[in-house]
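Undergrad: Spelled out, the chains give:
Protein chains: 2
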Amino acid sequence: MSSTEVLRALNYSNINPHVKAAKYAVRGELAVRSEEYRAKLAKGEGKDLPFDTVIAANIGNPQQLDQKPITFFRQVASLLENPQLLEHEDVLINSLGYKSDVIERARWLLKEVKSVGAYSQSQGAPGLRESVAKYIERRDGYPAAPKDIYLSNGASSGVNTLLHVICARPNTGVMVPIPQYPLYTATLAVLDARCVPYFLDESQAWGTSLKEIRSAYEKAVAEGTDVKAIAIINPGNPTGASLPAEDIKAVLEFAAEKHLVVIADEVYQTNVFIGEFISFKKALRDLQKEQPGKFDHIELASLHSVSKGMVGECGHRGGYFELVGFDPEVAAEIYKFISIQLCPPVLGQCIVEMMVNPPKEGDPSYPLYKEEYDGIFNGLKKRAYALYEAFKQMEGVKCNEPQGSMYLFPTITIPPKAVEQAKKEGRQPDEFYCFRMLDKTGICVVAGSGFGQKEGTLHFRTTFLAPGTEWTGRIVQFHKDFMEEFK
Amino acid sequence: MSSTEVLRALNYSNINPHVKAAKYAVRGELAVRSEEYRAKLAKGEGKDLPFDTVIAANIGNPQQLDQKPITFFRQVASLLENPQLLEHEDVLINSLGYKSDVIERARWLLKEVKSVGAYSQSQGAPGLRESVAKYIERRDGYPAAPKDIYLSNGASSGVNTLLHVICARPNTGVMVPIPQYPLYTATLAVLDARCVPYFLDESQAWGTSLKEIRSAYEKAVAEGTDVKAIAIINPGNPTGASLPAEDIKAVLEFAAEKHLVVIADEVYQTNVFIGEFISFKKALRDLQKEQPGKFDHIELASLHSVSKGMVGECGHRGGYFELVGFDPEVAAEIYKFISIQLCPPVLGQCIVEMMVNPPKEGDPSYPLYKEEYDGIFNGLKKRAYALYEAFKQMEGVKCNEPQGSMYLFPTITIPPKAVEQAKKEGRQPDEFYCFRMLDKTGICVVAGSGFGQKEGTLHFRTTFLAPGTEWTGRIVQFHKDFMEEFK
Numbered sequence: 001m002s003s004t005e006v007l008r009a010l011n012y013s014n015i016n017p018h019v020k021a022a023k024y025a026v027r028g029e030l031a032v033r034s035e036e037y038r039a040k041l042a043k044g045e046g047k048d049l050p051f052d053t054v055i056a057a058n059i060g061n062p063q064q065l066d067q068k069p070i071t072f073f074r075q076v077a078s079l080l081e082n083p084q085l086l087e088h089e090d091v092l093i094n095s096l097g098y099k100s101d102v103i104e105r106a107r108w109l110l111k112e113v114k115s116v117g118a119y120s121q122s123q124g125a126p127g128l129r130e131s132v133a134k135y136i137e138r139r140d141g142y143p144a145a146p147k148d149i150y151l152s153n154g155a156s157s158g159v160n161t162l163l164h165v166i167c168a169r170p171n172t173g174v175m176v177p178i179p180q181y182p183l184y185t186a187t188l189a190v191l192d193a194r195c196v197p198y199f200l201d202e203s204q205a206w207g208t209s210l211k212e213i214r215s216a217y218e219k220a221v222a223e224g225t226d227v228k229a230i231a232i233i234n235p236g237n238p239t240g241a242s243l244p245a246e247d248i249k250a251v252l253e254f255a256a257e258k259h260l261v262v263i264a265d266e267v268y269q270t271n272v273f274i275g276e277f278i279s280f281k282k283a284l285r286d287l288q289k290e291q292p293g294k295f296d297h298i299e300l301a302s303l304h305s306v307s308k309g310m311v312g313e314c315g316h317r318g319g320y321f322e323l324v325g326f327d328p329e330v331a332a333e334i335y336k337f338i339s340i341q342l343c344p345p346v347l348g349q350c351i352v353e354m355m356v357n358p359p360k361e362g363d364p365s366y367p368l369y370k371e372e373y374d375g376i377f378n379g380l381k382k383r384a385y386a387l388y389e390a391f392k393q394m395e396g397v398k399c400n401e402p403q404g405s406m407y408l409f410p411t412i413t414i415p416p417k418a419v420e421q422a423k424k425e426g427r428q429p430d431e432f433y434c435f436r437m438l439d440k441t442g443i444c445v446v447a448g449s450g451f452g453q454k455e456g457t458l459h460f461r462t463t464f465l466a467p468g469t470e471w472t473g474r475i476v477q478f479h480k481d482f483m484e485e486f487k
Numbered sequence: 001m002s003s004t005e006v007l008r009a010l011n012y013s014n015i016n017p018h019v020k021a022a023k024y025a026v027r028g029e030l031a032v033r034s035e036e037y038r039a040k041l042a043k044g045e046g047k048d049l050p051f052d053t054v055i056a057a058n059i060g061n062p063q064q065l066d067q068k069p070i071t072f073f074r075q076v077a078s079l080l081e082n083p084q085l086l087e088h089e090d091v092l093i094n095s096l097g098y099k100s101d102v103i104e105r106a107r108w109l110l111k112e113v114k115s116v117g118a119y120s121q122s123q124g125a126p127g128l129r130e131s132v133a134k135y136i137e138r139r140d141g142y143p144a145a146p147k148d149i150y151l152s153n154g155a156s157s158g159v160n161t162l163l164h165v166i167c168a169r170p171n172t173g174v175m176v177p178i179p180q181y182p183l184y185t186a187t188l189a190v191l192d193a194r195c196v197p198y199f200l201d202e203s204q205a206w207g208t209s210l211k212e213i214r215s216a217y218e219k220a221v222a223e224g225t226d227v228k229a230i231a232i233i234n235p236g237n238p239t240g241a242s243l244p245a246e247d248i249k250a251v252l253e254f255a256a257e258k259h260l261v262v263i264a265d266e267v268y269q270t271n272v273f274i275g276e277f278i279s280f281k282k283a284l285r286d287l288q289k290e291q292p293g294k295f296d297h298i299e300l301a302s303l304h305s306v307s308k309g310m311v312g313e314c315g316h317r318g319g320y321f322e323l324v325g326f327d328p329e330v331a332a333e334i335y336k337f338i339s340i341q342l343c344p345p346v347l348g349q350c351i352v353e354m355m356v357n358p359p360k361e362g363d364p365s366y367p368l369y370k371e372e373y374d375g376i377f378n379g380l381k382k383r384a385y386a387l388y389e390a391f392k393q394m395e396g397v398k399c400n401e402p403q404g405s406m407y408l409f410p411t412i413t414i415p416p417k418a419v420e421q422a423k424k425e426g427r428q429p430d431e432f433y434c435f436r437m438l439d440k441t442g443i444c445v446v447a448g449s450g451f452g453q454k455e456g457t458l459h460f461r462t463t464f465l466a467p468g469t470e471w472t473g474r475i476v477q478f479h480k481d482f483m484e485e486f487k
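Chains as they are written, first to last, in UniProt numbering: chain R, 1 to 487; chain G, 1 to 487.
Since the hints were derived computationally from the structure, they do not count as laboratory data. Since the structure is predicted, the reported quantities are computational estimates derived from the model, not experimental observations. Warning: the hint list may mix true and false statements.
Heads up, the list lumps identical chains together, so a pair's fine if it works in one copy or across two of them.
Straight-line distance between alpha carbons at most 25 Å, and here's what the computed BS3-like set of lysine-lysine pairs gives [said to hold, decoys possible]:
1. Lys392 to Lys487
2. Lys370 to Lys382
3. Lys423 to Lys211
4. Lys68 to Lys114
5. Lys480 to Lys417
6. Lys23 to Lys336
7. Lys147 to Lys40
8. Lys43 to Lys417
9. Lys336 to Lys289
10. Lys111 to Lys360
11. Lys289 to Lys480
12. Lys454 to Lys114
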């Protein structure tokens, strides 16, 4: 050990053990290596690499690939950033293609926030929360109140807030779907709380099984866990599945029975190819109407984000959560917690407002908005199916038909020789497969172990965002060679 | 208790006790009430109020008042938001007043981030971190490495990250200056770690007293606290004081002796009226040069932000911290922790880049940049002194000469009758005074108890950001009436 190692205040063994326990594979070692390759290629030093482009298929990050932002949103945003432009309406309209509704929206947003450089209220600017409430009402047919809307620094920040308030003790448990987007398990680890995993059923298009949820709950209770909440990602990540109405009702009934907060992560609500998105809010209100008294005590937190859908504005960090049925004193603690970090990024708040209140039929910007929106949707669907078809050609690979979100999560079969080699290299078999894929093709995906999977199964998650079919061909070829090498 | 109360999963008594313990007065009850008044006035329902405008003098939020953003930054930002505008350079230049360096910078930033709607690397886009490293080198005369720079969602997020990693156990302690910006105590409460307060010396222009630090440390150690870090806000908040070189060296010597991480919150480094800002980084490197071996093991984390200074872009949530001397394994855990929340807002990252790399002499945008920068600085200084002069007229009020930051933190004397009335209303005397001030004048400040103060002293913190002198006149009159009422 060097002399400074001995003398430093901090070393690996004495820092927060809960931070150490947290795992977040989406941006882990594989992603870091892919960025190293990317930097190498950018500097022209990639001659020894067997590929000349790195494809980030690990993160749902559409605009890092070729997805264009929605023109209306960015035109408005440019005016929010530089309000001086509003003194040149004629130039905007006649020379730069801005329509009158762009200018109108920018003026309105500036009236609501004053400046995108000023902190807003911690819960988000009131007028913008009103737009969110109206969106929810239009979507579900039931009202929403601005006071129950909390704009957030992406939905991730909303999840962080909710778990912070809920997780009171080391034996507090939150039910988490497996596979899951690892924000949940990572945050529970940081909070030194318990993850109560419930497995989704791959054979039922990754549906929720109430039997599975109930048995997971009972096992946890038997272990002394105080189960306080159930997280459910709908449409699913990494699975893409949209839950049918009966699954949603079953979860709500279980939550009512066991007094669990329902955390409904609905950020993919507009990425639906098969089936229909039903919000937990609507399902809850329907149940409350059909069976008065039985569901009135349920606490539901529903999250949404500008990062996904056709909006794809990940880098803006905009999202919200709606609190339904929460005790006002608890809501006050939630408010206090978020106020410590002041407020969510104001431009992100404005993108949320535009996401929930986009150009409508009859608005000057509507035709282009619709064309772009539909174009992105159709493009995503096309790529999803192209990748699905490619997977069909791959030996030992099984994939559910694309249902939505931005991901496919195929099952892979790793030959015993490869499993051995993986062990030699100190890696899980699916990790090993993914590292090989990156090293051979430049394509970065995420091993299934990063999301959780049933014992004995292996998967990887890939986005279908990257353009063209050349890269999918690389995967097909890699897989062929891999299976040949280890047969 | 209602039937739903009994049945809900969450209530005040069973949620996270550490969140409940956290206090953050800057956005507390007083601020909430001021927002209620603001909303009332906006709706035209304020006839019963004895004022017709609410002045938010509680939060360092310049652009919520009348401070204009720096034109160069917002022109570039408008192009980052809507890159389509770059296809119309002639219009930008000839009709909209954009200079060529604005266009150049926007093109460069877009090359570095690809899109402000795409997630960047979790540590922030590499090219932008290079700009920060170069700024640090220019400022201090010592090099900085991009790999040690972490862009963050405001400096607040950086503090949150560092404390999360450092606070390993309930008896971990972090030394915090009193008075302090309450992010530190609030975050330590959430982490269930210990605050080790050390009092700043009001009689010495709020300087740090090594005697005080040492005695606070020893008291904590005697109580079983594992003191791991010392936070120091320089220039100070709420005090505005710039630490002289000998104070900074004394803190570093103490940290070296006791093996403490130094967390240097330097967000007000450009808000300096009296004295000179010396960065902890420079002071550390100087010491390492002068006394080889003695200071090599020190870990220093220095934070900066776009929210303060002349930039004032609070709503953009942009900041960074530089890690000096950290164990690479510890840095890896810091990286993992921040990756869970994906990345800082990309536009905020770009504002950081422009803050550290603004137009230079000879650049086309420089004259206006300089004019705006100096104008804001002089305006702030003028307002600070105007407020200071107003305080001189107030009975029992003593205020240190404005030194910097955006705040004044005067001592107030509350007459015994008022202290009694405060007790009757269940409030601290300084809180009581501030509530009365808000109710009578519409001016929202923050009571000294929100920042911590020596026993038996009372203060309030006000910003000097609001324009004009009418509002300061309201405070003077209120104070006169208050002292009369309770004499």
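Undergrad: If a hint holds in the structure, say so; if it does not, say that too.
TA: Hint by hint, here is what the structure shows:
{"no.": "1", "hint": "Lys392 to Lys487", "in the structure": "within (19 Å within a copy, 87 Å between copies)"}
{"no.": "2", "hint": "Lys370 to Lys382", "in the structure": "within (18 Å within a copy, 52 Å between copies)"}
{"no.": "3", "hint": "Lys423 to Lys211", "in the structure": "neither (34 Å within a copy, 57 Å between copies)"}
{"no.": "4", "hint": "Lys68 to Lys114", "in the structure": "between (28 Å within a copy, 11 Å between copies)"}
{"no.": "5", "hint": "Lys480 to Lys417", "in the structure": "within (15 Å within a copy, 86 Å between copies)"}
{"no.": "6", "hint": "Lys23 to Lys336", "in the structure": "between (28 Å within a copy, 8 Å between copies)"}
{"no.": "7", "hint": "Lys147 to Lys40", "in the structure": "between (49 Å within a copy, 16 Å between copies)"}
{"no.": "8", "hint": "Lys43 to Lys417", "in the structure": "neither (37 Å within a copy, 73 Å between copies)"}
{"no.": "9", "hint": "Lys336 to Lys289", "in the structure": "neither (33 Å within a copy, 45 Å between copies)"}
{"no.": "10", "hint": "Lys111 to Lys360", "in the structure": "within (21 Å within a copy, 33 Å between copies)"}
{"no.": "11", "hint": "Lys289 to Lys480", "in the structure": "neither (55 Å within a copy, 59 Å between copies)"}
{"no.": "12", "hint": "Lys454 to Lys114", "in the structure": "neither (51 Å within a copy, 38 Å between copies)"}
The structure shown violates the earlier hints numbered 3, 8, 9, 11, 12.
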